[in-house]
Amino acid sequence: MNTETKDALRQIVGEANFSDHIIDLVSYSSDASEHIHRPQAAAWATSAEQVQAIVQLANDQGFPVTVRGAGTGLAGLAVPARGGLVLDLSRMDQILDLNIGDRVAVVQPGVIYADLEKALAPHGYVFPPDPASGKACTLGGNVGTNAGGVKGAKYGTTRDYVLGLTVVLGDGRLMQTGNRAMKSVSGFDLTRLFVGSEGVLGIVTEIILKISPKPSATATTLAIFDNLEDAGRAVSGVMASGVIPSVLEILGRETLQAINQNTDLALPEVDAMLLAETDAYTQGEADFQMERVVGQFKANNALEVKQAESAAQAAELWKARKSCYAVLARLRPNFVLEDITVPMSRLAPMLKGISQIAARHRVQVATFGHAGDGNLHPQFLWDAADEDETRRVEEASAELFQLAVDLGGTLTGEHGIGLSKAPYMHLEHDPVAQDLMRSIKRACDPNNILNPGKMALDG
Amino acid sequence: MPDTHPLLEEFRDQIQRCSRCGFCQAHCPVFGGTQRPALNARGKMLLLKEVLAGRLELDQELIETIFQCTTCASCAQNCPSGVEVPEIIKAARREMVGLGTCHPAFVGMDQVLDQHHNIYAEEEPEDFDRERGGQAEVVYFMGCVGQYREEEATEAALDLLDHLEVDYALIDEVCCSGVLEDVGFALKPHLAQKNIETILATGAKTLVTSCPYCLRTFQGRDEYLPLKQAGLEIMHLSQFLARQDLGLSTDLVVAYHDPCDLGRHAGIYDEPRQTIKTVAPNFVELADNRENALCCGAGGGVRGAFAQNSLAMARRRLEQMETSGAQVLLTECNSCVHNLSNAKLRAQKFEVMTTPQFLMELIEESS
Chain A
1 MNTETKDALR QIVGEANFSD HIIDLVSYSS DASEHIHRPQ AAAWATSAEQ
51 VQAIVQLAND QGFPVTVRGA GTGLAGLAVP ARGGLVLDLS RMDQILDLNI
101 GDRVAVVQPG VIYADLEKAL APHGYVFPPD PASGKACTLG GNVGTNAGGV
151 KGAKYGTTRD YVLGLTVVLG DGRLMQTGNR AMKSVSGFDL TRLFVGSEGV
201 LGIVTEIILK ISPKPSATAT TLAIFDNLED AGRAVSGVMA SGVIPSVLEI
251 LGRETLQAIN QNTDLALPEV DAMLLAETDA YTQGEADFQM ERVVGQFKAN
301 NALEVKQAES AAQAAELWKA RKSCYAVLAR LRPNFVLEDI TVPMSRLAPM
351 LKGISQIAAR HRVQVATFGH AGDGNLHPQF LWDAADEDET RRVEEASAEL
401 FQLAVDLGGT LTGEHGIGLS KAPYMHLEHD PVAQDLMRSI KRACDPNNIL
451 NPGKMALDG
Chain B
460 MPDTHPLLEE FRDQIQRCSR CGFCQAHCPV FGGTQRPALN ARGKMLLLKE
510 VLAGRLELDQ ELIETIFQCT TCASCAQNCP SGVEVPEIIK AARREMVGLG
560 TCHPAFVGMD QVLDQHHNIY AEEEPEDFDR ERGGQAEVVY FMGCVGQYRE
610 EEATEAALDL LDHLEVDYAL IDEVCCSGVL EDVGFALKPH LAQKNIETIL
660 ATGAKTLVTS CPYCLRTFQG RDEYLPLKQA GLEIMHLSQF LARQDLGLST
710 DLVVAYHDPC DLGRHAGIYD EPRQTIKTVA PNFVELADNR ENALCCGAGG
760 GVRGAFAQNS LAMARRRLEQ METSGAQVLL TECNSCVHNL SNAKLRAQKF
810 EVMTTPQFLM ELIEESS
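The listed protein sequences derive, respectively, from chains A and B. Numbering of the first sequence is given in the working numbering, commencing with residue 1 and proceeding in unit increments. Numbering of the second sequence is given in the working numbering, commencing with residue 460 and proceeding in unit increments.
Same shape as in the complex, but just chain B:
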């Protein structure tokens, strides 16, 4: 056993501060899907206290819990003691990776990004029948999930930008690689550099992305500082759409799922609702919403590493959707829409889609 865990030591006070009240059990999606206290935030803090006290090794046995956290931050949001659990979990993961202990899925993710330009190791990017490069007012960044897994959502977003006659450019984008920091590794500077170069080459004033995680990476990571320094306005597609006059209307009953990366992590709750409520006045909130929204179970690498439990978490969110009585569930994150769609049961008759998909359907119907 190593004498110290320097990355974890930085959070010693925070970890000790957990008063074990267990209130996080009411909010943790992993606990909700598994009913296993070892996977809840309190369980994780108890384990890390034992590690810091030298009574437990940071070894293979801890992978199942330390790497099974969506970093959704609903525990931190509701923690009476103010423990910033996601930051602690990320530090613990870094520590474990440093010790050579990591879930194989994440080792693979890090290796893939050394060799490929996207987390799926796909060779042929979808071109969406659109040219890359060129000059424009806006540069649109779709993200790995949007480009390789939720192509329909991306197609709809691009069609919507076309419909709104937005002057935008697409680039030969590569993975922002921000997600690596969530799973114990480091962002890849060479990928950041490539994105920065291609983004700035468009001469755009605004960077719009439909991926909340890419948004957080561009806005928050030092490696992407040149974007801000170049005066680029960085925003999520939902923020961009809130500024547009859509001129659409529907009687459909619509609900909205707050993605954790867009909501709790980026504080964007109102703009998505503004657009949706304007178009669909019969808007209903899900039981847990905004700061208290229930995670879809996809984040923090959990979908890749613990697929079954990830789907169980998504099903819990879909149960709230069922109770709401809404006909359409909208969200603003391709990962969320991916996981929620996969988890949806045939008996559940509502639809799950991104807001741009919903808007494009209305546009197509009206034309």
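Only chain A is shown next, with the shape it has when bound in the complex:
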């Protein structure tokens, strides 16, 4: 990027919102994934007009633009793989409108998930897809990755709540999709096309979100299973029982062992632990749903079922699940958190397969995840300084993805393809589908300006 281009960028965003200092370039070289590549410059846009002017300049000058929110993504979506400009939208952080009567929130992309949550709380409302990074991540990032969370089984993912977008396309045109209405079948669903598009088609500058009332009552239960198949059948049984829990989490044996080695929780080291939460607007209704869930746990040979009688007891039951990330993050120097997703009925074979793959490649994998929507987080733990171990992790990952696809699932349930899973796109998407994706990319971004190198769109 030459001096003239940098000056032009300064003109667009102002001196205070542009940087080519090394400290910014290094901090923008990475997200929460293992990928790293330095950009040549960084800019903080504060309006859609600035974003548009930058994308137009990028087309004229031929430099890549990688859009970024909080950089909490786990698949390299925000890593500027080809250099160029990182466009940080976190300073576009205004909640533009809250209309509870319409169930609508209009936000700029840099609004932090937790800030929207705080703004909605006094109204008894919530934006349900709650990623684990909710305190830090931005809603623009959530839209870009189609972020999920712990409540996906009942409440879906980000895409289920995006009604409309304002987007600067890769060719520099500004576009509106959708509207503020609760339903719309008007034309192609361009909104959905852009949700989860990882910043490769356009840059979202405004988001219209559907919001939901927050259920005030919950019931919480923990169950342990000494047999993986029983746990898998219990999950399917819950799904068939006529109720959908708001949370149905699973912790595998390796995860329970790791927690025991690093905390004083003294968990039973069994094949699987399931944590269920039901929610409703009355305690009676939450309890009624939980009875169904517990019935399925018991019918499928749960060794032990603990039901919380109070909020404090519920917090106790959540402890193991909440400790997963922090415990596993400290075990080895490096980790990758995958997010393969399979039909709920295939959870047991998937979990068993993960253990077999780990044993075959002599790698450490601990698994937990959202059993309620079949989304598992096998966490590979290793030392990147050990080349042989790194190679074995890569080989094991490839088998993991193949198994997920073979079981009727997907490479990624909520983190996105980005750089991490680009080499495996062909496992899940046939040549025709991939060709269509590339056509869509060209239609929106003919010069391949936006976030190049992601999603296997280049080749």
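There may be inaccurate statements among the hints.
[What the hints assert, rightly or not] Cross-link-like lysine to any residue pairs, in silico, SDA-like; alpha carbons within 20 angstroms at most:
{"hint": "1", "chain 1": "B", "residue 1": "808", "chain 2": "B", "residue 2": "743"}
{"hint": "2", "chain 1": "A", "residue 1": "135", "chain 2": "B", "residue 2": "537"}
{"hint": "3", "chain 1": "A", "residue 1": "322", "chain 2": "B", "residue 2": "541"}
{"hint": "4", "chain 1": "B", "residue 1": "508", "chain 2": "A", "residue 2": "81"}
{"hint": "5", "chain 1": "B", "residue 1": "508", "chain 2": "A", "residue 2": "332"}
{"hint": "6", "chain 1": "A", "residue 1": "135", "chain 2": "B", "residue 2": "494"}
{"hint": "7", "chain 1": "A", "residue 1": "118", "chain 2": "B", "residue 2": "778"}
{"hint": "8", "chain 1": "B", "residue 1": "508", "chain 2": "A", "residue 2": "336"}
{"hint": "9", "chain 1": "B", "residue 1": "508", "chain 2": "A", "residue 2": "25"}
{"hint": "10", "chain 1": "B", "residue 1": "508", "chain 2": "A", "residue 2": "21"}
{"hint": "11", "chain 1": "B", "residue 1": "508", "chain 2": "B", "residue 2": "546"}
{"hint": "12", "chain 1": "A", "residue 1": "135", "chain 2": "B", "residue 2": "539"}
{"hint": "13", "chain 1": "A", "residue 1": "118", "chain 2": "B", "residue 2": "710"}
{"hint": "14", "chain 1": "A", "residue 1": "118", "chain 2": "B", "residue 2": "748"}
{"hint": "15", "chain 1": "A", "residue 1": "319", "chain 2": "B", "residue 2": "536"}
{"hint": "16", "chain 1": "A", "residue 1": "6", "chain 2": "A", "residue 2": "16"}
{"hint": "17", "chain 1": "B", "residue 1": "508", "chain 2": "A", "residue 2": "383"}
{"hint": "18", "chain 1": "A", "residue 1": "135", "chain 2": "B", "residue 2": "782"}
{"hint": "19", "chain 1": "A", "residue 1": "135", "chain 2": "B", "residue 2": "751"}
{"hint": "20", "chain 1": "A", "residue 1": "135", "chain 2": "B", "residue 2": "536"}
{"hint": "21", "chain 1": "A", "residue 1": "135", "chain 2": "B", "residue 2": "541"}
{"hint": "22", "chain 1": "A", "residue 1": "118", "chain 2": "B", "residue 2": "774"}
{"hint": "23", "chain 1": "B", "residue 1": "736", "chain 2": "B", "residue 2": "712"}
{"hint": "24", "chain 1": "A", "residue 1": "322", "chain 2": "B", "residue 2": "750"}
{"hint": "25", "chain 1": "A", "residue 1": "135", "chain 2": "B", "residue 2": "778"}
{"hint": "26", "chain 1": "A", "residue 1": "118", "chain 2": "B", "residue 2": "782"}
{"hint": "27", "chain 1": "B", "residue 1": "803", "chain 2": "B", "residue 2": "784"}
{"hint": "28", "chain 1": "A", "residue 1": "6", "chain 2": "A", "residue 2": "17"}
{"hint": "29", "chain 1": "B", "residue 1": "647", "chain 2": "B", "residue 2": "675"}
{"hint": "30", "chain 1": "A", "residue 1": "118", "chain 2": "B", "residue 2": "747"}
{"hint": "31", "chain 1": "B", "residue 1": "508", "chain 2": "A", "residue 2": "385"}
{"hint": "32", "chain 1": "A", "residue 1": "210", "chain 2": "A", "residue 2": "97"}
{"hint": "33", "chain 1": "B", "residue 1": "508", "chain 2": "A", "residue 2": "36"}
It should be emphasised that the hints constitute simulated quantities derived from the structure, not laboratory data. Owing to the predicted nature of the structure, the values given are computational and were not obtained by experimental measurement.
Given chain A's structure and the hints, the job is docking chain B onto it.
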């Protein structure tokens, strides 16, 4: 470029352990005030990884981020990977100072303490109309900020001790110089020696300070070990007050700001609240409190070196105060009260003061 960075190398495992999750962005006051990831804990760890890998020099360009950390430790408090960022930052600063690379404000601070007895290079200490020296049960240490910048807070603390009829002595105190270790330099043994001599000369059994940083220095630094060895009980004024029967009461709605040095660094959360809640039952917590309290932006030398951003951090804390609906914001650190007061906007109608100031106001009203 030097082949190694020995001080940083000690923390190599810790630095590598940062998994880049970015969760610290939710807690870092510098990031909150600037929205610039390079200044967040994760940004700093990424830079130090590059330094350790030999891809980046520990030079002038890094001053802006490495020296712009309040060492408030809220990142470490919330880090899933358990990275002790403040310790790493302090090591990096020492390394940089060793290489001749330092923010000029801190070079000046170190030089000032070679020539003067306080960090402000003030020649005339405020005497607060009280004698120095003598024998007493308690020795009261006010600290540089208390003596030269927040005199009203110190006056109130001393008046309160008088009101409670505490047998205390003041000394010709000098800067504890602990803060130098936060900004890449070393504590000054000659200053420590002078403080130790004058403190012990009072024959006091208890050392009380209103400065949380002085407290940490006296309790934690080897140079001050003779105080402990002499059997002196070292405590913060808030701990001392929690033992007193104040006999005061007010309906005012009061909130409390946890100073990072008193809270996360010294683990003192309950005693200040105990006193405040007894006197002001209409106590409310700020949105972020106790272990998760938001830093006022003054610590780690940031107020002196990056004043504008320091005030931006304080304003974020004051926004939480505004939301709380409280009428009075109390804190137990003169640096915090200094920064928060400076940042308070005229439109913000609440008051900011130390707990002793608040208590003295109530005492004066009731008399």
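Results of checking the hints against the structure:
Of the supplied pair hints, the one linking residue 808 of chain B and residue 743 of chain B holds, its CA atoms being roughly 17 angstroms apart against a limit of 20 angstroms. Straight-line distance between C-alpha atoms of residue 135 of chain A and residue 537 of chain B comes to about 11 angstroms, which keeps the hinted pair within the 20 angstroms bound. Between the alpha carbons of residue 322 of chain A and residue 541 of chain B the distance comes to roughly 15 angstroms, so the proposed pair stays at or under 20 angstroms and holds. Between residue 508 of chain B and residue 81 of chain A, the direct Cα distance comes to roughly 19 angstroms. Compliance with the 20 angstroms bound is thereby established for this hinted pair.
Note on residue 508 of chain B and residue 332 of chain A: the hinted pairing holds, with a Cα-Cα distance of about 17 angstroms set against a maximum of 20 angstroms. Note on residue 135 of chain A and residue 494 of chain B: the hinted pairing holds, with a Cα-Cα distance of about 14 angstroms set against a maximum of 20 angstroms. For the hint linking residue 118 of chain A to residue 778 of chain B, the alpha-carbon distance of about 14 angstroms falls within 20 angstroms, and the restraint holds. Between residue 508 of chain B and residue 336 of chain A the alpha-carbon distance is near 18 angstroms, which keeps this suggested pair within the 20 angstroms criterion.
Using a Cα cut-off of 20 angstroms, the hinted pair residue 508 of chain B and residue 25 of chain A holds, with the two alpha carbons roughly 14 angstroms apart. At most 20 angstroms may separate the alpha-carbon atoms for a hinted pair to count; residue 508 of chain B and residue 21 of chain A meet this at roughly 17 angstroms. Between the alpha carbons of residue 508 of chain B and residue 546 of chain B the distance comes to roughly 15 angstroms, so the proposed pair stays at or under 20 angstroms and holds. Restraint check for residue 135 of chain A and residue 539 of chain B: the C-alpha separation of about 13 angstroms stays at or below 20 angstroms, so the hint holds.
In summary, the hint linking residue 118 of chain A to residue 710 of chain B is not supported, as the alpha carbons are separated by about 28 angstroms, beyond the 20 angstroms threshold. A C-alpha spacing of about 16 angstroms is found between residue 118 of chain A and residue 748 of chain B, which places the hinted pair at or below 20 angstroms, so the restraint holds. Of the supplied pair hints, the one linking residue 319 of chain A and residue 536 of chain B holds, its CA atoms being roughly 17 angstroms apart against a limit of 20 angstroms. A C-alpha spacing of about 13 angstroms is found between residue 6 of chain A and residue 16 of chain A, which places the hinted pair at or below 20 angstroms, so the restraint holds.
In summary, the hint linking residue 508 of chain B to residue 383 of chain A is supported, as the alpha carbons are separated by about 15 angstroms, within the 20 angstroms threshold. At most 20 angstroms may separate the alpha-carbon atoms for a hinted pair to count; residue 135 of chain A and residue 782 of chain B meet this at roughly 19 angstroms. Among the hinted pairs, residue 135 of chain A with residue 751 of chain B is consistent with the structure: their alpha-carbon atoms are about 13 angstroms apart, no more than 20 angstroms. For the given pair, residue 135 of chain A sits about 14 angstroms from residue 536 of chain B by alpha-carbon distance, which is consistent with the 20 angstroms threshold.
In summary, the hint linking residue 135 of chain A to residue 541 of chain B is supported, as the alpha carbons are separated by about 18 angstroms, within the 20 angstroms threshold. Using a Cα cut-off of 20 angstroms, the hinted pair residue 118 of chain A and residue 774 of chain B holds, with the two alpha carbons roughly 19 angstroms apart. For the hint pairing residue 736 of chain B with residue 712 of chain B, the CA-to-CA distance comes to about 10 angstroms; that is within 20 angstroms, so the pair holds. The suggested pairing of residue 322 of chain A with residue 750 of chain B holds, with an alpha-carbon distance near 18 angstroms, which does not exceed 20 angstroms.
This hinted pair checks out: residue 135 of chain A and residue 778 of chain B have alpha carbons roughly 18 angstroms apart, not beyond 20 angstroms. A distance of roughly 12 angstroms separates the Cα atoms of residue 118 of chain A and residue 782 of chain B; the hinted pair therefore holds under the 20 angstroms criterion. Distance hint between residue 803 of chain B and residue 784 of chain B is fulfilled; the C-alpha atoms sit about 15 angstroms from each other, no more than 20 angstroms. Annotation: proposed proximity of residue 6 of chain A to residue 17 of chain A holds, straight-line Cα distance about 12 angstroms (limit 20 angstroms).
For the given pair, residue 647 of chain B sits about 15 angstroms from residue 675 of chain B by alpha-carbon distance, which is consistent with the 20 angstroms threshold. Restraint check: the Cα-Cα separation between residue 118 of chain A and residue 747 of chain B comes to about 13 angstroms, which is no more than 20 angstroms; the hinted pair holds. About 14 angstroms separates the Cα atoms of residue 508 of chain B and residue 385 of chain A, which keeps this hinted pair within 20 angstroms; it holds. For the given pair, residue 210 of chain A sits about 12 angstroms from residue 97 of chain A by alpha-carbon distance, which is consistent with the 20 angstroms threshold.
Among the hinted pairs, residue 508 of chain B with residue 36 of chain A is consistent with the structure: their alpha-carbon atoms are about 12 angstroms apart, no more than 20 angstroms.
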